[in-house]
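Go by the hints and put chain B with the ligands onto chain A.
Protein sequences, first through last, are from chains A and B.
For any residue, its number in my numbering is found by taking its place in the first sequence, counting from 1, and adding 168.
For any residue, its number in my numbering is found by taking its place in the second sequence, counting from 1, and adding 1137.
Since the hints were made in silico from the structure, they are not lab data.
The reader is advised that the hints may include incorrect statements.
What follows is a list of derived Cβ distance ranges for each label pair [said to hold, decoys possible]:
no. : chain 1 : residue 1 : chain 2 : residue 2 : range
1   : A       : Asp289    : B       : Gln1390   : 24 to 30 Å
2   : A       : Thr282    : B       : Leu1536   : 49 to 55 Å
3   : A       : Thr282    : B       : Tyr1335   : 30 to 36 Å
4   : A       : Thr282    : B       : Glu1438   : 19 to 25 Å
5   : A       : Ala336    : B       : Arg1273   : 24 to 30 Å
6   : B       : Asp1528   : A       : Ser175    : 20 to 26 Å
Straight line, CA to CA, 27 Å or less: simulated DSS-like cross-link-like pairs of lysine-lysine [stated by the list, open to error]:
no. : chain 1 : residue 1 : chain 2 : residue 2
7   : A       : Lys198    : B       : Lys1277
8   : B       : Lys1215   : B       : Lys1205
9   : B       : Lys1325   : A       : Lys227
10  : B       : Lys1277   : A       : Lys181
11  : B       : Lys1531   : B       : Lys1432
12  : B       : Lys1531   : A       : Lys198
13  : A       : Lys270    : B       : Lys1519
Just so it is clear, the structure is predicted and the values come from calculations on it, not from any experiment.
The C-beta atom is built at its ideal place from N, Cα and C for all residues, glycine as well.
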Amino acid sequence: MSTPTSSPSVNLKPETLARIDEVITHYPVKRSATLPLLHLIQEDAGYISEDAILWIAQKLELQPINVLEVVTFYPMFRRAPIGRRHIKVCRTLSCALLGGYKTCENFQKEFNTTLGATSPDGEVTVDFVECLASCGTAPVVLIDETLHEKVDAARVKQISAQIRAEAAARK
Amino acid sequence: MPAPAQHRLIFQHIDEPGYSNDIDCYLRNGGYEVLKKAVTQKPEDLREEVKKSGLRGRGGAGFPCGFKWSLVDRKSGKPIYLIVNADESEPGTFKDRYIMHQDPHQLIEGTMISCFANDVKQAYIYIRGEMPEGARILEKAIAEARAKNLVGPNILGTAYSCEIFVHRGAGAYICGEETGLIESLEGKRANPRIKPPYFPAVLGLYQCPTIVNNVETLCHVKHIVQQGGAEYAKIGTPGNTGTRIFCVSGHVQRPGYYEFPAGTITMGQLLNEVCGGPLPGRTFKAVIPGGSSAKVLRFGERYKGKRKVGADMVDYDWGVEDVPMDFDSLAMIGSMGGSGGVIVMDDTVNMVEALANINAFYQHESCGQCTPCREGSLWMKKISSRMVHGDARKEDAALLKSVADQIPGRTICAFGEACSWPTQSFLIKFKDEFEAYPEAKKTLPADRLSLV
Ligand SMILES: Cc1cc2nc3c(=O)[nH]c(=O)nc-3n(C[C@H](O)[C@H](O)[C@H](O)COP(=O)(O)O)c2cc1C
Ligand code: SF4
Ligand code: FES
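Okay, chain A solo, but in the shape it has when bound:
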């Protein structure tokens, strides 16, 4: 990672900046705020840019590599933008035993996309994730921040129609 020549530019909302300053106070050691800052920036900007990494490093008085190695370790942080909605289908055993793979395939078909890719309309990205700790209501799907339970073929259709309706309403 290159050393910054000028100040890294991140365009964060004022509320994000306020939350960043507040969360740093939760810890006796600034470095502990690395994950919280990455979450806040990803929620605001959609992904973690190179500048975001440099900015966090400056903010927490770390080397950029200290932030980069965290970004690459944790699956939830991404280096590039994704679709407007993130569909995360549980891949693990209890869900798979009740059709999780089919559910994932159905979402890909609904949005004409493939695993890990963003749909042509930019609306969704479909991913597999590991056990979401809701195995008793398998198969489960986390869409952005909402957990959907017992997502069979009919539920996939319903949820997809709703996502499309919300997208149309925005246009």
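Frame of chain A, contents of chain B with the ligands only:
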């Protein structure tokens, strides 16, 4: 024998109509009365009650909670931290989720009592990244408790102050391992620490003494202080006190969570009576009793030996259905009670394919520090996936087993055992199915469920 009645201690209010997760509802139901009582007692007396209760940790290892607390270095002069392990990521486990989403104040009360008992001034709840809603609920609940002087400075008018902050993970299973969790909370990669020091209670967060307890464990502390340790120990069986929550998933009629006095229910009662038995027209084939890392049990196999009942040694001869669901009995038959996640597979499941699913999980989640774990989990995944999606060979069975056998005991953390036990146990118990797979595969229904 009919199954015992459920005893809802921790899950008393879960899914109760009209019960909400705000502080007013909690207070209406007698909430925070135990904390009020606790702060008038001596911390060491509270610790003694927890010791007397026989409480064993509900995070997976069943480690005695009172003993863990007695290891805390109280002489160093450094601050003592408490971390709530809310990473709940062992496949098959889904109990902490309900506590945090539906009854967060029970956790906060248990946490505050445990902090007071251990002279902790700062606690963190480490919640997995995939529970953003849970994190928000906890933050709101902490703010409500702070507004009522139950968390924060000089709680309940005493000289005692303690803060709780919520810290979110970001999708890595290894953050459930307590030293990986501590590294993560320090803002680093969640690489588990080399032992010694054996216990974070001596050197943990920021090299200070640190208590790490599971969400459910800390909820039990509230009930222990409420009833007294000796009274609590009357629930369950000696050595396995209190209640135990089972999370049942997979191929049963009624999956879900069920809470019983520990050690009072057998696997057969749980699966056949409580969960309604197998799906129509199917039969049980295998069950993983304590989260996906626990060794698989095969229906039809028998476990024989001698065990202690009271002061006597008696013979036992059990089928899977007869095994009591407590830490010690499950350990005795070569598996474990772990986190209480019971995953059931019926006769439609091909065991090679089920193992390939599990192996993909462990390969994805290895932190990569130790060569046997990083490479071994990768090869176990590659071989089992190839068997399913590519060429399967008869000798793959032995190859898989030999890779698995080279991991345990050679790694920094218990993930090494966790990732090899599924392969080892599947290969021992379903060797026939693995060896027959290259042929059997040709005739398996093409439209069967994909597991990998
Ligand atoms: C690979 C691995 C994953 C673990 N995951 C969790 C977890 O998700 N939640 C948890 O409470 N404990 C987990 N543990 C156990 C913790 O390391 C620790 O023992 C536990 O949080 C202690 O709490 P307790 O004594 O209250 O059970 C895990 C252990 C290992 C080795
Ligand atoms: S055993 Fe695996 S998960 Fe644990 S420290 Fe080693 S590589 Fe990491
Ligand atoms: S296996 Fe899907 S939620 Fe646990």
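Earlier hints that do not hold, by number: 1, 2, 3, 4, 6 and 12
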